[in-house]
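Asks: Respectively, the protein sequence lines represent chains A and B.
Using the working numbering, the first residue of the first sequence is number 123, and each one after it goes up by one.
Using the working numbering, the first residue of the second sequence is number 4, and each one after it goes up by one.
It is worth saying that the hints were derived from the structure and are not from the lab.
Beta carbons: idealized from backbone N, C-alpha and C, even for Gly.
Any given hint might turn out to be false.
Quick list of simulated restraints, FRET-style, between CB atoms [unchecked claim]:
| # | chain 1 | residue 1 | chain 2 | residue 2 | range |
| --- | --- | --- | --- | --- | --- |
| 1 | A | Y460 | B | T131 | 35 to 45 Å |
| 2 | B | P19 | A | E322 | 20 to 30 Å |
| 3 | A | M342 | B | S38 | 14 to 24 Å |
| 4 | B | H255 | A | M342 | 58 to 68 Å |
| 5 | A | K320 | B | D6 | 47 to 57 Å |
| 6 | A | D319 | B | L244 | 39 to 49 Å |
| 7 | A | K320 | B | K31 | 51 to 61 Å |
| 8 | B | H255 | A | K388 | 53 to 63 Å |
| 9 | A | T234 | B | V267 | 26 to 36 Å |
Pairs of lysine to aspartate or glutamate residues, derived as DMTMM-like cross-links and limited to a Cα-Cα distance of at most 20 Å, are as follows [claimed, not checked]:
| # | chain 1 | residue 1 | chain 2 | residue 2 |
| --- | --- | --- | --- | --- |
| 10 | B | K89 | A | D339 |
| 11 | A | K168 | B | E261 |
| 12 | B | K272 | A | D170 |
Chain residues, written in single-letter form:
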Amino acid sequence: MSEVKIRSGNELVVEGAIAAGCKIFGGYPITPSSEIAEGMARELPKVDGLFIQMEDELAAMGAVIGASLGGKKVLTATSGPGFSLKQENLGVAMIAEVPVVIVNVMRGGPSTGLPTRGAQGDVMQARWGTHGDHPVIALAPAFPEEVFTTTIEAFNLAEKYMTPVILLLDEIVGHSHEPVELPKEGEYEIINRKYPDKVEDLAIYKREMGEPPLRPDFFMGYPIHVESLEHSDQGYPNTVPENVEVQQKRRLLKIENHKNEIIKYKTHFTDDAELVIFAFGSMARSALEAIKLLREEGIKVGLFQPITIWPFPEEQLKDVVKDRDTLVVELNWGQLIYEVERVLKDNKVHSLLKMTGMAITPNEIIDKIKEIKNA
Amino acid sequence: MLDYEKYLRYRTFPVPWCPGCGIGMIFKAVAMTFSKLEWEPNDIAVVSGIGCSGRLSTYFNTNSLHTTHGRALTFATGVKLSNPDKHVVVFSGDGDALAIGGNHFIHACRRNLNMKMVVINNNIYGMTGGQVSPTTPTGFISTTTPYGNTEPHFNTVELAKAAGATYVARETVNRPRQLLKVLEKAFKHTGFAVVEVISNCHINLGRRNKLKHPIPMLDWINQQTIPIAKAKDMSEDELELKYVVGEFVHRHRPDYFEVYENKVVKKAKGE
Numbered sequence: 123m124s125e126v127k128i129r130s131g132n133e134l135v136v137e138g139a140i141a142a143g144c145k146i147f148g149g150y151p152i153t154p155s156s157e158i159a160e161g162m163a164r165e166l167p168k169v170d171g172l173f174i175q176m177e178d179e180l181a182a183m184g185a186v187i188g189a190s191l192g193g194k195k196v197l198t199a200t201s202g203p204g205f206s207l208k209q210e211n212l213g214v215a216m217i218a219e220v221p222v223v224i225v226n227v228m229r230g231g232p233s234t235g236l237p238t239r240g241a242q243g244d245v246m247q248a249r250w251g252t253h254g255d256h257p258v259i260a261l262a263p264a265f266p267e268e269v270f271t272t273t274i275e276a277f278n279l280a281e282k283y284m285t286p287v288i289l290l291l292d293e294i295v296g297h298s299h300e301p302v303e304l305p306k307e308g309e310y311e312i313i314n315r316k317y318p319d320k321v322e323d324l325a326i327y328k329r330e331m332g333e334p335p336l337r338p339d340f341f342m343g344y345p346i347h348v349e350s351l352e353h354s355d356q357g358y359p360n361t362v363p364e365n366v367e368v369q370q371k372r373r374l375l376k377i378e379n380h381k382n383e384i385i386k387y388k389t390h391f392t393d394d395a396e397l398v399i400f401a402f403g404s405m406a407r408s409a410l411e412a413i414k415l416l417r418e419e420g421i422k423v424g425l426f427q428p429i430t431i432w433p434f435p436e437e438q439l440k441d442v443v444k445d446r447d448t449l450v451v452e453l454n455w456g457q458l459i460y461e462v463e464r465v466l467k468d469n470k471v472h473s474l475l476k477m478t479g480m481a482i483t484p485n486e487i488i489d490k491i492k493e494i495k496n497a
Numbered sequence: 004m005l006d007y008e009k010y011l012r013y014r015t016f017p018v019p020w021c022p023g024c025g026i027g028m029i030f031k032a033v034a035m036t037f038s039k040l041e042w043e044p045n046d047i048a049v050v051s052g053i054g055c056s057g058r059l060s061t062y063f064n065t066n067s068l069h070t071t072h073g074r075a076l077t078f079a080t081g082v083k084l085s086n087p088d089k090h091v092v093v094f095s096g097d098g099d100a101l102a103i104g105g106n107h108f109i110h111a112c113r114r115n116l117n118m119k120m121v122v123i124n125n126n127i128y129g130m131t132g133g134q135v136s137p138t139t140p141t142g143f144i145s146t147t148t149p150y151g152n153t154e155p156h157f158n159t160v161e162l163a164k165a166a167g168a169t170y171v172a173r174e175t176v177n178r179p180r181q182l183l184k185v186l187e188k189a190f191k192h193t194g195f196a197v198v199e200v201i202s203n204c205h206i207n208l209g210r211r212n213k214l215k216h217p218i219p220m221l222d223w224i225n226q227q228t229i230p231i232a233k234a235k236d237m238s239e240d241e242l243e244l245k246y247v248v249g250e251f252v253h254r255h256r257p258d259y260f261e262v263y264e265n266k267v268v269k270k271a272k273g274e
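For reference, chain A alone in the conformation it holds in the complex (with noise of 0.2 Å):
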């Protein structure tokens, strides 16, 4: 650990994406997100990279695609109304299996709706907005330390699974300003995509089941064909109904198959509560703090804090709560309680849920615990 800094969640995605060796930002200026652009723009001259400002928000996605198929490690980052232009071009990255990492610093929608103020109400548009079935990684960090290792983290799972992951924060998260410790160089993994052992294998996309493709990068020695249609092993465009199941699958199955490995959560005074709180992103810190306030007057309540959102942690969920009541704690009118209630379907799942454009409070969850306690 080294010294104390104080940093936004915005600047220290910044540091983190620099951290996991990103080379090309390809982005455009949108509220609560613009700080990762300024950041970027400032930083990766200096360390031989390159900050392109495109001209709109599908440009900066399409940008990111070329250049992490050009062997980059690549970043853009939005907010809802962009995340929205961008799923198009994302859907490529999914079907093409290129690694790209998107932020999105959550904002009030929808449209326009509220670009200053924070809310969680893109996290089923991360699941769903493009069209099509595809594998989706998503995380939600939380606190300062939290949001520079899952940057670099968002890196790592797109080199390794060669997959675009979605890094959802909320415009809390992204604007509180608070001293962190970061960890050094050497201190976290870093990990930089497979590429098969013999260039000129033409099969790219020729894997086992569940396994994300050994594909070279282009101008690597061979010349290689990437595809935004459906393809075969080798990337070309594709229709057999054989072909098309194996490649829709093996794509499914690459993140599905791998998803204990990818999810991560933090459980906070789980052991001995009563009832678990589940809350992501900044309602995680409110619930944090409610927490310790209600076992100041001996209410012991525990939060499950999950960091992956996409693949939904559905085994971790319900071995932390087992039998516990639940409290869905959302900045939304209901997204992610949906999850809950399916894999916590013999519980009893309560909820907080609210999109006003302000915090939900620490006093607002104790009340909502209190009043659950005493039904």
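Could you slot chain B onto chain A? The hints should help.
Replies: Quick look at chain B alone, frame taken from chain A:
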């Protein structure tokens, strides 16, 4: 005779274009240009969007990327940024470059990355069955203008010029020798180069406009074609619906990387 066959990805053949389509001729002209310039297949990335022109990337035995409708330039920008010393060639149709991807087109011209763009303008959305495009001549019948196109058409060359492209030329599929000449100049140019090639879609444009066979359609393109020298003496009205061909812009402006290295990297590193 140029050995251009090493640029063809035979294992993905046959090509999907209709018999008599002009795209095949443009395909060959670009492969011949690669050969003439002795670019290695592995040093080239061909990037394309969606539509008949979009399918081109699959058939080049180079690094190749088939992307989304209108967005080829954005992906190509990323490829170029990651490998500034490699050759990046973009194919777009008229729908790709001037409708859904118009924003990317003007900003690529402005940005002046050292990339090459071939706009294949067949004046129609061919692959989807013949809907009107931004370059469909006024009055022409398409499936979405059953009473005739009422909108004015875009002029690709004027747009590229105004947006700052540093090399701009137009040719037609009727003039293969001249096309080879401008492709070579464009590909040798340092900066963003645009070559528009007027092509024939007798199937989905011609057949609804009394030009349903390739020869009459190519003849019609010929009748509309005016060499740039001759066009200088003609009025705007006389040039309406004409394809003025030749080289329009060939100017030097520092390319994106030259500026980035000199103006950004040095300052950032405090050199």
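Asks: Which of the stated hints cannot be reconciled with the structure, identified by number in ascending sequence?
Replies: When the structure is compared with the hints, numbers 4, 5, 6 and 7 turn out to be violated.
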